[in-house]
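There are 2 protein chains.
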Amino acid sequence: MSAESVRKMDKANDAYASAHSPSPSFKDFPDQKAVLVLTCLDPRCEPHHFWDLPADMGPGIMRNAGGRVTEDVLRSIRVISTIMSYGRNTVGAVVIVHHTDCGMINFSDDFVKGKLKERHPGHDQEIDEMFIGEIKDLEKSLKEDVALIRADPFLPKDLEVLAFEYDVFTGKAREVKV
Amino acid sequence: MSAESVRKMDKANDAYASAHSPSPSFKDFPDQKAVLVLTCLDPRCEPHHFWDLPADMGPGIMRNAGGRVTEDVLRSIRVISTIMSYGRNTVGAVVIVHHTDCGMINFSDDFVKGKLKERHPGHDQEIDEMFIGEIKDLEKSLKEDVALIRADPFLPKDLEVLAFEYDVFTGKAREVKV
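Protein chains in written order, with my numbering: chain E, 71 to 248; chain D, 71 to 248.
Careful: at least some of the hints might be erroneous.
Which copy? The list can't say, so a pair holds if one copy fits it or any two copies do.
Below 30 Å or equal to it, Euclidean Cα-Cα: the simulated DSS-like pairs (lysine-lysine) are [to be verified]:
#, residue 1, residue 2
1, Lys247, Lys210
2, Lys103, Lys213
3, Lys78, Lys242
4, Lys97, Lys227
5, Lys213, Lys183
6, Lys213, Lys185
7, Lys78, Lys103
8, Lys187, Lys206
9, Lys213, Lys227
10, Lys247, Lys206
11, Lys81, Lys210
12, Lys213, Lys78
13, Lys210, Lys78
14, Lys97, Lys206
Hints in this document: simulated from the structure, not taken from any laboratory.
Please work from the sequences and hints to get the whole structure.
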């Protein structure tokens, strides 16, 4: 990222800040259960766009490669479950979105591990043991990830977990019953 | 999340899809190094807004509680580093953004762990060993997280890692030299 790119970012931010009204402070958040979305880091898969989500007071959005459930995702959901309304409320729903033409569909665990081994020799065993998160089948990956959240002992028993498939070509987000 | 909420989402998505042009497919991504942003899941901290980032072909955005570097974050960066241009390119820069009034500033590891133990008794040791990710000092947390990425043996040696502090009240994103 060049110094020029950073200057462009600063310029865009100056314009944004001059028109920005202060976001609500945490202490003024409404007393309600949190909703969290988990999806891919891919710039084509942006819940704010395809669900027209509000800025500022919409759901929290977790993003990683593929929108896969990992220990870090569980950490985030657990943290949110404890801090809403200073511990008096919790998380109500998690919505997982996987998408078509995802990097995790186009590339297998083997491809990624092969490249890592090639570029960073001498660490084959550590690389072999890495969780990569390939998606062979969108409904199957959603089912696995929903199950992982439902199985977590550190979340509310009545936590709703929903699954959606987002198509980057049609723009459609379709609920998948799992 | 009620059935009514899901219907609202579907309705918003219908409107979006009817106006949506297909996003580029992965095979048509430009042959260039990827840029990734890591930030908090907080809806007030949205890089698309405060940097006016383009949809579709902007940076990949990773988000979790606090924007902290975890194994999952390293997984995501490593994956992206291997799949750009089908293995012929890599990741060029990671930009980490932590923000004011973050949940990880307002609540300590002890608070979160205390709540988890209270709500889910019988798992104290496992909870004690969890990484929560509290932020006591924004510059310090950014420094730690930048160092974690720089130290990862599975990323390009010339990977640029930048740090920003976003103020949810002023809307300003300020680069922090670490």
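Within, between, both or neither: how does the pair Lys213, Lys183 come out at a Cα-Cα threshold of 30 Å?
Answer is both; intra-copy 24 Å and inter-copy 29 Å each pass.
For Lys213 and Lys78, with the copy left unspecified, which applies at a CA distance of at most 30 Å: within, between, both, or neither?
So Lys213 and Lys78 pass the 30 Å test across copies only (23 Å; inside, 41 Å).
How would you label the pair Lys103, Lys213 (within, between, both, or neither) given a Cα cut-off of 30 Å?
within (24 Å within a copy, 33 Å between copies)
How would you classify Lys247 and Lys210 at a CA-CA limit of 30 Å: within, between, both, or neither?
within (11 Å within a copy, 43 Å between copies)
From the Cα coordinates, with 30 Å as the cut-off, is the pair Lys97 and Lys206 best called within, between, both, or neither?
between (43 Å within a copy, 18 Å between copies)
With 30 Å as the alpha-carbon cut-off, assign the pair Lys210 and Lys78 to within, between, both or neither.
So Lys210 and Lys78 pass the 30 Å test across copies only (26 Å; inside, 41 Å).
When no copy is named, should Lys78 and Lys103 be tagged within, between, both, or neither for a Cα gap of at most 30 Å?
Between copies only: 18 Å across chains, 38 Å inside a chain, cut-off 30 Å.
Can you give me the call for Lys97 and Lys227, within, between, both or neither, at a CA distance of at most 30 Å?
Intra 26 Å, inter 42 Å, cutoff 30 Å: intra-copy only.
Up to 30 Å CA-CA - Lys206 versus Lys187, copy category:
within (22 Å within a copy, 37 Å between copies)
Checking Lys247 and Lys206: alpha-carbon separation at most 30 Å within a copy, between copies, both or neither?
within (18 Å within a copy, 41 Å between copies)
With identical chains, the pair Lys81 and Lys210 could be close in the same copy or across copies; at 30 Å between alpha carbons, which is it: within, between, both, or neither?
between (43 Å within a copy, 26 Å between copies)
Can you tell me if Lys213 and Lys227 fall within 30 Å by alpha carbon in one copy, between copies, both or neither?
within (18 Å within a copy, 37 Å between copies)
Violated hints for the displayed structure: none, as all numbered hints are satisfied.
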